[in-house]
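I would like the entire structure built from these sequences, with the hints used as guidance.
Chains A and B, in that order, are what the protein sequence lines are.
Position in the first sequence (from 1) plus 13 gives the number in the numbering used here.
Position in the second sequence (from 1) plus 201 gives the number in the numbering used here.
Keep in mind the hints are simulated off the structure, nothing from the lab.
From a predicted model like this one, the values you see are computed outputs, not experimental measurements.
Be aware that one or more of the hints could be misleading.
Quick partial rundown of chain A residues pointing at chain B, CB under 7 Å, derived from the structure [claimed, not checked]:
1) Phe87
2) Lys113
3) Asn262
4) Glu263
5) Asn403
6) Pro407
The beta carbon of each residue, even a glycine, is placed where N, CA and C say it ideally should be.
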Amino acid sequence: MRHRSWVSVLLLLTAATGCSSGGATEGGKTELTIATFNEFGYEELFKEYEAAHPDVKITQRKTGQGAPHHQNLFTKLGAGSGLADVEAVEEGFLAQVMAKSGQFNDLKEIGPKVEDDRWLKWKTEAVTTKDGKLIGYGTDIGPLAMCYRKDLFEKAGLPSDPEAVKALFATWDSYFAAGDQFIAKSGGVAWFDSASQVFNAMHNQHEVGYFDKSDKLVVETNPAIKADWTAVTNAVAKGQSAKLVAWSNEWNSGFKAGAFATKTCPSWMLGVVEGQAGPENKGKWAVTEAFPNGGGNWGGSYLTVPKQGKNAKKAAELAAWLTAPEQQIKAFQAKGTFPSQVKALDAPALLEKTNAYFGDVKAGALFAAQAQKVKAAQYKGPTDGQIQDNVFSPALQSVEQGKSADEGWKTAVAEAQKVAK
Amino acid sequence: MTAVLTRVDRERAQQPRSRPPRLRLSAVDAKVSPYLFVAPFFVLFGAVGLFPLLYTAYVSLFDWELGADEMPFIGLQNYATLFSDGQFWNALFNTFSIFLLSSVPQVIIAVVLAALLSSNLRARTAWRMGVLLPYVASLVALAIIFGNLFGPQYGMVNGILSAVGIPPIDWQADTLGSHVAIASMVNWRWTGYNALIVLAAMLAIPREVHEAATVDGAGPVRRFFSITLPMLKPTLIFVIVTSTIGGLQIFTEPKLYDPTSGSGGGAEHQYQTVVLYLYQSGFQQLDLGYASAIAWTLFLIVVGVAGLNFLLTRRAVR
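If you want it as structure tokens, here you go:
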């Protein structure tokens, strides 16, 4: 008996230490892994690709949410192994990826020949390094338009027709002025949901953001940031903000209760508004082909090929194929991801897309037009996303909670310096 | 005496004892096997407990950014930065404030609850199981529900407060308000659990002691303070030490209290705890060296406070 126990202990030990390292090829097939989050709408496309390339087998690793997907991405970048052959990267995390661009393949170098003007110019600019390497292929975008409550506009005596409101949303000055007019008669309803939602949209329109191109923090010296801060906090002081942090439960309730009259609206926000405001508010929300000071973008992703993968060439081929206009239109039809490809923006399937909740507006054509209005990609420093989410958004929230605008600004500057150190 | 030994004797003593090989193996077996049987625990503990602990200490001496190209050794620099970091002291204050707001009422209510549950009740088991229900429920669901209840604009707690005529409290912006809200989550979840542990100890107190005291003329209150409490001492020490360790490491409740605020713990870190700050440094700012320094500092604080509580409890409850 005793000797048998020895053997079993040994067996256990060998079982614990021996682990299988999965081979890249399996029965002559190259196995490509692709890691995405939420819904990219690629399921059918993978089958199509496998049918056309019998030597390739595609495995998708799908994460429900963006944040854990990117956390996994950065952890495994640090560990040096474990990433998929193709990794999706969301625009909000792009700055952090660009800061580690050395660990990603230059797709111009290893990828197949891709026409230069496949994507909107600003979409490609954002993913090109200072020395000209292309780190990712664009998938989708989130062009910004303005959503507003028709019924509340009418009640407050503002124009409510999608054409007539365009004048209100021409510039940020006209937007805040209209807000003053609105809250004077709205009976407690605010103009926008929260300060940071407006501030971020304003901020992303500037050519220079929190960092200059040499990665120096310019929060204090960039006059545009302070100007935005003043404009937004003034509006808060006048009562234009509903003080509802985006994505919080309170924000959701705010949609139902009709707590605010306008919302900065990327293409994908229409679904969020419909889900949160619910059927009882159908017909009250509208969207118009206008955004203060031109256009803007919030959201959208890229496909990258990390260097640690063994099948970089084939992975890049797959990524290039997936991000071609023909495929991206199919993804749009499957899951509504708004394409970043110039040709896809002219596709009839996109232009004819309407949205019943927003009064059968031609949403596809509307956002395609808004996408063309985005001027240039703002240069993002390595900690840009953190400064937006962990410094300026909380600082603006603290002003909404009663802190003075000056104090809030000082805190924001100090915290930004800490994050950027 | 050695001189008496003959040469032959000495040679015999140096000769290897020749036993049959089977027997020798079983001797080794008898000596080594017990260690092997307990080894899995220690191997596992070493791998997932001790090693990370020591490796964290090692990492805390470097400017270790996740995925960075180089990680220079900087000695105790991380600790120096930490001790002059206002956000850390703020987090430490919040942690202690939430800990006191949760642990103190929790232990007191648990003892009272246990006393009530040990009395003659109908459907005793149902009551006893009932207090454990909050512990069974998922912590994440709990945090989200409490987050809703304490919503500043549409929350139910404020709704009730204004119905009674008390002005609504901003449960997120207000430091004390947010601490009370988070402590209430902890209390909701852990009071019943602790009450059951205290109850078990209470039921183990011999009846004779109580009866003797009753004969001597002691009323129920006197019996509770002079007999029940002192005899609960070892259990109370356990409950207080575990709730200290848990309380100082509080993370999920403040993290999910307002799921949108990331790991900042409120717009001005009103309810950011030490572990939440650790998480923010390590997994949002990817500064693993700094996060490790926080982890080690917290480890020492927890050991210190748990030890202090142990001593205090031992002296206070005699």
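- What are the numbers of the hints the structure violates, in ascending order? Nothing - there is no hint that the structure violates, so all of them hold.
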